[in-house]
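*Asks:* In order, the protein sequences belong to chains A and B. Numbering (the numbering used here) for the first sequence: 2 to 121. Numbering (the numbering used here) for the second sequence: 2 to 443.
The set of hints was computed from the structure by calculation and includes no laboratory data. Incorrect hints may have been included.
Computed cross-link-like contacts, BS3-like style, restricted to lysine-lysine with a CA-CA straight-line distance of at most 27 Å [what the hints assert, rightly or not]: (1) A:K91 with A:K53; (2) A:K53 with B:K383; (3) A:K80 with A:K91; (4) A:K3 with A:K53; (5) A:K53 with B:K342; (6) A:K91 with A:K3; (7) B:K383 with B:K100; (8) A:K53 with B:K194; (9) B:K383 with B:K194.
Quick caveat, the model's predicted, so the values are computed rather than measured.
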Amino acid sequence: MKLIVAIIRPDRLNEVLEALYRNEVRGLTVSRVLGHGGETERVETYRGTTVKVDLQEKVRLEIGVSESFVLPTVNAILKSARTGEVGDGKVFVLDVAQVYRIRTGERNEAAVTPPETVPV
Amino acid sequence: MTLNQEWNPNVQPINPADTAWMLVSTALVLLMTPALAFFYGGLVRNKNSLNTMMMSFVALGVVGVTWALAAYSLAFSDGGPFLGGLANIGLHGVGTEAKGTIPHVLFMAYQASFAIITAALISGAVVERMRFGPYVAFITLWTLLVYAPVAHWVWGGGWLMSRGALDFAGGTVVHINAGVSAVVAALVLGSRKDYGRTAVLPHNVPFVLLGAGLLWFGWFGFNGGSALAANGLAGLAFTNTFLAPAAALVAWTLLDYFRTGKATAVGGATGIVVGLVAVTPAAGFISPLSALILGAVAPFPSYFMIQLRSRTRIDDSLDVFAGHGVGGLTGALLTGVLAQKLWNPAGSDGLLFGNPHQLAVQALACLSAAAYAGIMTFAILKGLGLVMSLRAVPRIEGVGMDLSQHGEEAYASGEGSILVHPDVLVAEELSAALVPATASVR
Chain A
2 MKLIVAIIRP DRLNEVLEAL YRNEVRGLTV SRVLGHGGET ERVETYRGTT VKVDLQEKVR
62 LEIGVSESFV LPTVNAILKS ARTGEVGDGK VFVLDVAQVY RIRTGERNEA AVTPPETVPV
Chain B
2 MTLNQEWNPN VQPINPADTA WMLVSTALVL LMTPALAFFY GGLVRNKNSL NTMMMSFVAL
62 GVVGVTWALA AYSLAFSDGG PFLGGLANIG LHGVGTEAKG TIPHVLFMAY QASFAIITAA
122 LISGAVVERM RFGPYVAFIT LWTLLVYAPV AHWVWGGGWL MSRGALDFAG GTVVHINAGV
182 SAVVAALVLG SRKDYGRTAV LPHNVPFVLL GAGLLWFGWF GFNGGSALAA NGLAGLAFTN
242 TFLAPAAALV AWTLLDYFRT GKATAVGGAT GIVVGLVAVT PAAGFISPLS ALILGAVAPF
302 PSYFMIQLRS RTRIDDSLDV FAGHGVGGLT GALLTGVLAQ KLWNPAGSDG LLFGNPHQLA
362 VQALACLSAA AYAGIMTFAI LKGLGLVMSL RAVPRIEGVG MDLSQHGEEA YASGEGSILV
422 HPDVLVAEEL SAALVPATAS VR
């Protein structure tokens, strides 16, 4: 049972979501964040004011997965988020002490296993 | 001319076509003040955007009223070389009779729209820090003590008019006047606490473009209407108002491109406004080709003034001096170079057409208006500063002028707000009052 935290480029989000879906990874949290990974600054000019934009917009994904899903998830992100330029982001894999599903009270592995999808 | 009108060479009848065009022009020029609100509002930070826009909008109210009650008379009624008289105070004697070929009352309204935008222009130098009340007091006094006299000098029969200074639609009266007042106001107020310390960026560049577009639209009434008639001269001024900003936009964009490698949107919008400012004094005196030349030349002084100014401690926040002061000066001087009697027999020839004297007259008009505007603005602000504090304290400046001056946000999310419902409270009190005392058992 791990928590996978990935920081990616906003313009790769759709590709990453698609890759995760194809690898049957369900259930994730997405947030917009600011960060810097050593890429060159962006320069903007407004009349007499020139600024370097240090912090870039990034997207953070948080995905709780069972052990068997760790590698497929990481590989899906690595492939789909990569452009080859500096600033593509990072993937962190963290140990998780406990997980509870709020709706049912299920614990740990059961809590991160997606419920059977009910056909519409 | 109608048949029953007796011929009198001094009193012309009201002309319907002229009146129709001036009705439209008045509305066009009035629209420039909301346009300026968008132009300025987009250039400031989110937390000050409403306050900045309100600084323009409030002029529609206070300057409009001040103009009708007193300033119009000081500017345009018969008086001395330096100030008009009191004949039209409270709009006394301003009726539907002809003034030129349009109703007098319409001429008053048309000129009111000029006074309004001129006062609003100054706000760009004091945004993000000047308190709203003192600002309103300032533009009211400024309209009476600075705008009205200078308008009288140049247009109302004052001393510059009799010396033959050419100012078709307000290069001196509007732009040099406002531009110099703006930089003096910025110096008296002092710079914003964040100026030169943190990056202060425009919060809404699309607003800036919207404002520039609407300003251009309104400016057709500003310059085209300054012919005070629907005739060939109006057509010339209108066309020059289209050509000069077009050339200025090209020149500014090229300057931007060679300096930063990018054609910026804020730069493009600024180029349009500088082109409009520069052609204002010249619009009805120069040929369309000269308007192209004037438009192409005008961006240079303003562009480099912005670069220079932003390296100093002078926080003329939205570069009103560079845009309007320097742009107006360039336009007024080039009018003295490019003017041609061939295009407007009522005007003069400029330096290029064998009359260097005109350039000297133009320079005199510019210098005297600039000196008067600067000294008077300093005096008014110092005077007001004795009875009220002109600027917000640093903590309030940090919170932002929208919340502190107006109790509103431009982009409120409503998250975390709890409704205080006056209607429910009022309704409960009402029903309690309506029910007879004996029946009110709880």
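*Asks:* Checking each numbered hint in turn, tell me which of them this model violates, lowest number first.
*Replies:* Hints 2, 4, 5, 7 are the ones this structure does not satisfy, whereas the remaining hints hold.
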